[in-house]
Amino acid sequence: MLSSCKIIVLHTIKHSDNGVVVNAYSDSHGRCAYYYFAGKRVSRSNLLAPLSILNITARQRHANTGSSGAGLPIICEASEAYGATSLKTDVRKSAIAIYMCELLTKCVREVENNPQLFNFITHSVMVLDSMESGVENFHLHFTASLCKALGYMPTDNYSAAEPYFNFVNARFVGDYLSNFCYSPIESQLLHNILSTPLERLHTIECSGRERNLFIQKLIEYISYHSSYKMELKSLPVLRELFA
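For what it's worth, the working numbering labels the leading residue of the sequence shown as 1, then goes sequentially.
These are calculated hints, taken from the structure and not from any lab test.
Some hints here could point you the wrong way.
[Said to hold, decoys possible] Label-pair ranges, simulated between beta-carbon atoms: (1) Gln116 - Ser223: 38 to 48 Å; (2) Gln60 - Ala170: 39 to 49 Å; (3) Leu177 - Ala81: 24 to 34 Å; (4) Ser159 - Arg61: 16 to 26 Å; (5) Ala160 - Val91: 37 to 47 Å; (6) Tyr224 - Lys14: 17 to 27 Å; (7) Arg209 - Asn179: 40 to 50 Å.
Ideal Cβ placement from N, Cα and C applies to all residues, glycine included.
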């Protein structure tokens, strides 16, 4: 039985000389996995690059076939639904794409249909691909915005009277508690990220050190509210690129 859907590639695992397991996020199935017989074509690496948005037709097969990737649906046809060219040619955007995929892989595990999340990721890919300035701040904005999709978006009630972000309460407060609050600089940066539209990310001023400390704070915030401690292998690359 054939079925068609749209997927966003999160990562691939080489399974044999001519096949890969494709882990993805689908517009109709949430988190999913497929088997793709790609042969030895070099072009498969571009088609299945991180955050590639594809139209696919897949065929379900039985788990007792005895072949590689048995039980996973087989991708019969695959084509680009959106050609994110700069994500494959710009080293900064490629690194951010890998980070986004790793973050999504660890944060999003539901197999239920979630059109809002799919549209959010798709829109984020398109915006990152088209950005000419502010790229160094994109992963900060994406991570903060992903919190909304995960159900624990920080409340942006920042003011002179409540300038400290309390990550336990997920809102800004007036009393600074070092064990539960972001520093004044980190709190200000979070407010700037939450209140600045994507097309104006280039207006956010922060040093490389502040940016790198802040993204780690966001990861800790997600870890706290998801009760799952995350360690992302892609973060050191971003720290180096945007130092």
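Structure-based check of each hint:
| no. | hint | verdict |
| --- | --- | --- |
| 1 | Gln116 - Ser223: 38 to 48 Å | violated, 23 Å |
| 2 | Gln60 - Ala170: 39 to 49 Å | holds, 41 Å |
| 3 | Leu177 - Ala81: 24 to 34 Å | violated, 47 Å |
| 4 | Ser159 - Arg61: 16 to 26 Å | violated, 58 Å |
| 5 | Ala160 - Val91: 37 to 47 Å | holds, 40 Å |
| 6 | Tyr224 - Lys14: 17 to 27 Å | violated, 35 Å |
| 7 | Arg209 - Asn179: 40 to 50 Å | violated, 22 Å |
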